[in-house]
Amino acid sequence: MSSFSAPPLRRVLSHVLLGLAAAVLILPVWFALVASTYNGADFLAGRVGLWFGAHGADTYKAVITGHGTIAMALPNIGQALITSTIMALLITIGKIAISLPSAFAVTYFQFPLRGFWFAVIFVTLLLPIEVRIVPTFQVAANFHLLNSFTGLTLPLIASATATFLFRQTFLSIPEELTEAARLDGASPLRFFIDIIIPMSRTSIAALTVILFIYGWNQYLWPLLITTKTSWSTIVMVIGRLSQTAAEGDPVWNYTMATALLALVPPVFVVVAMQRLFVRGLTEMEK
Amino acid sequence: MAGIELGSVSKVYQGGVTALKPTTLTIPEGGLTVLVGPSGCGKSTLLRIIAGLEEPTSGTVTIAGRDVTQIEPADRDIAMVFQNYALYPHMSVYDNMAYGLKNRGTARSDIALRVNEAAKMLGIEALLQRKPRALSGGQRQRVAMGRAIVRRPKAFLFDEPLSNLDAKLRGEMRVEIRTLQQRLGVTSVYVTHDQLEAMTMADHLVVMRDGVIVQQGPPGHVYDEPDNVFVAGFLGAPPINLLPGTLAEDGTLHLDCGPHVTLPVHPPLQTGSKVTLGIRAEAIGIAAPAGSLTATVELIEELGPSRLLHLRFGTAKIIAMAPREPALRPGETLAIQLDTAALKLFDPETGRACR
Ligand SMILES: Nc1ncnc2c1ncn2[C@@H]1O[C@H](COP(=O)(O)OP(=O)(O)O)[C@@H](O)[C@H]1O
Ligand SMILES: [Mg+2]
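Going down the list, the protein sequences come from chains R and V. For the first sequence, the working numbering begins at 237 and goes up steadily by one. For the second sequence, the working numbering begins at 117 and goes up steadily by one.
Since the hints were derived computationally from the structure, they do not count as laboratory data. These numbers were taken from a predicted model, which means no experiment stands behind them. Cβ coordinates follow ideal geometry from the N, Cα and C atoms, glycine included. Treat the hints with care, as some may be off.
Stated by the list, open to error - Per label pair, the in silico range of CB-to-CB distance: (1) Glu188/V <-> Pro364/R: 31 to 37 Å; (2) Gly221/V <-> Phe358/R: 36 to 42 Å; (3) Asp191/V <-> Glu366/R: 48 to 54 Å; (4) Gly132/V <-> Ile334/R: 35 to 41 Å; (5) Asn280/V <-> Pro348/R: 52 to 58 Å.
Claimed, not checked - Looking from chain V toward chain R, a few residues come up when the C-beta cut is under 10 Å (computed): (6) Glu188; (7) Gly287; (8) Arg290; (9) Gly352.
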């Protein structure tokens, strides 16, 4: 609101600053977009500039259909996008589904060794997948989880990050409300479903964004746990393409086009959640 | 005997704070009992023990003849109105009021009936579909009361429900709560630190201090006959004038600030005892024929129908409530007279009233 009443000079200045910041953020995306409109020969001849080339349609057709103009066999991008989406969704839903009740338990219930269990949950923060990758892989392999969504997601779901965020959210819910619900005869489960979850919508939306992107960006673990290219995630595909490019085959156009396509689902999630997020913010009192 | 009975209830919080010393209290049925006292005196603790939100360290709670000490808050048949209203922000006004009934398995049609009836009573029918954030403070207050009313409980508990409203609205809501309570005739306990609210609303006034009930009774009686200096000073605005002095041989009181005051009867005290004289502002009159006592006007506060005179009385300052006539000016010296029937004597050591 205040920007409307700000003096003109300040308004202009702040818009210039915002524009600059937006430009800085958009620049890499711009480069990727431009690069995806050239072909291999252009890259070899050094003809790539700051403006679009002539082969954009070819590139996207090739990437989507899987038939490239050069010798390499392009991976199936559609399948990789689907795999990535399912993986990221499972990780997001799984983490939230586990964190909400566990945060509820450590915030609202007195049980023996509560501090200890809280610490145990806390310790998982110190053990991201990269730290425990070898034993985790062994366990996953023993359970025959290679090339499966269970194998892709389960080891990533098992961590406590979201528990802490939800605990913080729950602690910010006024105690009077908890007491009012007690007087209203709400059982703990009813209280959780009717009051806690709706009041945590904003946090859930924010976490959905964070966790979806976390899941989407996973690279090391999917690389280990999948052995067939049909199980490749989109990030693995980008990795393979850029490796090919680094080895001398100038597939930068395909790499960039794939990277851009890989942006679509996360952006969709961000936009969808942003609405919920804003609604949640305006619904809170004060 | 169907009100609320507290049998030597006490509360020591974790960490060792004694919020409530063993307290026995009978809250009369159907009336509005106000617990009043300075902040931190244990009023909320007492109320929350009645509600079952706090477990007493010792003692028993009986509501309408039933011992509820071990019973869950939801099953005590009480409803509570909180200081910050405690409305569920994501639910409509209707759902806020209906939630407790839903949880109890009341039939839908019955819920609608009760909610609409309560809404009509409170004049919030037009707001039923709104969310709490779209309501003013006074409207939220009404919804909070509606939520209590639909339950048709044995008792209403209020914890400083008006402290978030502005002065004008507070005055209105005070009357509204009082009217509603009288109409419904439900036993009510009302906690406040505001002595005006307490005096104006109470059928039965309970004054607390440091976890102890210091006096209780009808508000007028407690005001007129305070048992001790604390109660005398806590009730009434402007506060009672307190003047230390010594009892002389002839039965007059020699005030430390200079003047000598003639007492109507000889108090049951030895000559030479130290006492504190308490005299309320409205018991100090401007004497038409020059009396033996004089005071100098320092400041005049106009109240409209009357005015407050800040007087220098000997070396002490006192406040008198006087009619608007005659015209007075700061610096003027006038004769005053004390309403001898309204003089209170207190033991300066124990604070107890000397009767
Ligand atoms: N949950 C609690 N834990 C520890 N001490 C508390 C708690 N609640 C209240 N107290 C203390 O108990 C005393 C009485 O509190 P309270 O009943 O809320 O007073 P009032 O409502 O009269 O202001 C205060 O000293 C307060 O600090
Ligand atoms: Mg209180």
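message: Name the hints, by number, that the structure is in violation of.
response: Hints 1, 5, 7, 8, 9 contradicted; others consistent.
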